[in-house]
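Asker: Throw the hints in and build the complete structure from the sequences for me.
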Amino acid sequence: MSPACLAPLMLAGLLVGCATPSLTLLPSEEGKQGAVAVIEENGVARETVVSELNSRTNLSGRPRTRSVDPKLSARQRALLDTLPPPPVRLTLYFREGTTQLTSESEPGLDFLKKEIAGRPGAEVQVTGYTDTLGSDEDNDRLSQRRAEEVLAALADQGLDRDMMSAVGRGERELRVRTDDGVREPANRRVVVTVR
Amino acid sequence: MKPAMMVMLGTALIAQSAMAAEIGRIKRSMGTASVERGKAKLAPVPGFQLQSGDRLVTGRDGQMSLTFIDDTRFSVGPNSSIAVDQFDYNRTTQAGNFVTRVNRGSLAVVSGQIAKSKQDAMKVRTPTSLLGVRGTRFIVEVPK
Numbered sequence: 001m002s003p004a005c006l007a008p009l010m011l012a013g014l015l016v017g018c019a020t021p022s023l024t025l026l027p028s029e030e031g032k033q034g035a036v037a038v039i040e041e042n043g044v045a046r047e048t049v050v051s052e053l054n055s056r057t058n059l060s061g062r063p064r065t066r067s068v069d070p071k072l073s074a075r076q077r078a079l080l081d082t083l084p085p086p087p088v089r090l091t092l093y094f095r096e097g098t099t100q101l102t103s104e105s106e107p108g109l110d111f112l113k114k115e116i117a118g119r120p121g122a123e124v125q126v127t128g129y130t131d132t133l134g135s136d137e138d139n140d141r142l143s144q145r146r147a148e149e150v151l152a153a154l155a156d157q158g159l160d161r162d163m164m165s166a167v168g169r170g171e172r173e174l175r176v177r178t179d180d181g182v183r184e185p186a187n188r189r190v191v192v193t194v195r
Numbered sequence: 196m197k198p199a200m201m202v203m204l205g206t207a208l209i210a211q212s213a214m215a216a217e218i219g220r221i222k223r224s225m226g227t228a229s230v231e232r233g234k235a236k237l238a239p240v241p242g243f244q245l246q247s248g249d250r251l252v253t254g255r256d257g258q259m260s261l262t263f264i265d266d267t268r269f270s271v272g273p274n275s276s277i278a279v280d281q282f283d284y285n286r287t288t289q290a291g292n293f294v295t296r297v298n299r300g301s302l303a304v305v306s307g308q309i310a311k312s313k314q315d316a317m318k319v320r321t322p323t324s325l326l327g328v329r330g331t332r333f334i335v336e337v338p339k
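In order, the protein sequences belong to chains A and B. Residue 159 in the numbering used here sits at position 159 of the first sequence; the count goes up by one each step and never skips. Offset between the second sequence (1-based) and the numbering used here: plus 195.
Please note that the accuracy of each hint is not assured.
Here are the simulated BS3-like cross-link-like pairs (lysine-lysine), alpha carbons at most 27 Å apart as the crow flies [to be verified]:
#: 1; chain 1: B; residue 1: Lys313; chain 2: A; residue 2: Lys32
#: 2; chain 1: B; residue 1: Lys236; chain 2: B; residue 2: Lys339
#: 3; chain 1: B; residue 1: Lys339; chain 2: A; residue 2: Lys71
Pairwise CB distance ranges, derived in the manner of DEER restraints [stated by the list, open to error]:
#: 4; chain 1: B; residue 1: Ser276; chain 2: A; residue 2: Gly134; range: 45 to 55 Å
#: 5; chain 1: B; residue 1: Pro322; chain 2: A; residue 2: Gln100; range: 49 to 59 Å
#: 6; chain 1: B; residue 1: Asn298; chain 2: A; residue 2: Ser67; range: 27 to 37 Å
Over the 12 Å line for every Cβ pair with chain A, so calculated as not near, a few chain B residues [stated by the list, open to error]:
#: 7; residue: Ser229
#: 8; residue: Gly233
#: 9; residue: Lys234
#: 10; residue: Ala235
#: 11; residue: Lys236
#: 12; residue: Gly248
#: 13; residue: Arg250
#: 14; residue: Gln281
#: 15; residue: Asp283
In case anyone wonders, no lab produced these hints; they're calculated from the structure. From a predicted model like this one, the values you see are computed outputs, not experimental measurements. Every residue, glycine too, gets a C-beta built ideally from N, C-alpha and C.
Answerer: Structure follows, in structure tokens:
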């Protein structure tokens, strides 16, 4: 295509991009594939899956997807730059039957304090997990209680109670995959998420 | 007051406080920006706790960034009006439903656990369309 043809085409693309609602699909921060589906358009149900990364799709009229790479507008770049940083997670291990951190987990506390200080308006989730010994319901309760104990311990260490909440996830998301009914210290853990 | 009525009132209060649970927090706001809750216009200071039904409104120089308790992150651009119509999330199972309406302006999204929980558990509505989020980073723009 000659350069003379490109200009009007680009202009047309810009006009479409500006005049109607649009979706711009980007790779995840890890560069991974994702997708967004247009499931309804002007009141009509449809299923147009947009999976082309770095693309723009108009959201009025028949959805059409165009490549935008690498031409994000300054406004779009500003929008991406002001996204909050991804949450950080830290796994803590405790001395058997206590809320005292193992010596390996002790430096974690300073790490948490630093992360919280660097994130104005931080929110902290303390998530308890169990191994697969015992029933699902018991493990949900046990992990919740564990998370609450750790939350209290973190509050004693100077973390603001108002920014923290406790969640029990029981034996979901095992760190070490085991059969049901298996003792596994690596699965009995607490993960602290700072958002 | 009759005891039966008191019980009902108590139940209503509990239901209300459960509904008013925190769904996320404001991290940053610049320029003209507010969180509208019913008829109230609230200042989005860092740490402000969001609730389901809140509307994020910015002026010409406004911007807001926020995180949700399912790890979803938003950045709201200038001249925007964005409503969090629904945010139901079970923190134990990490399943839920999340509906955001972009009435005007621009919104950048990094989706979180709700979008992963089942197909189209996270939706974004614009004046002309409904989107099902299948886990990614994207921008929705609704010009005036």
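Asker: Out of the numbered hints, which ones does the structure contradict?
Answerer: none
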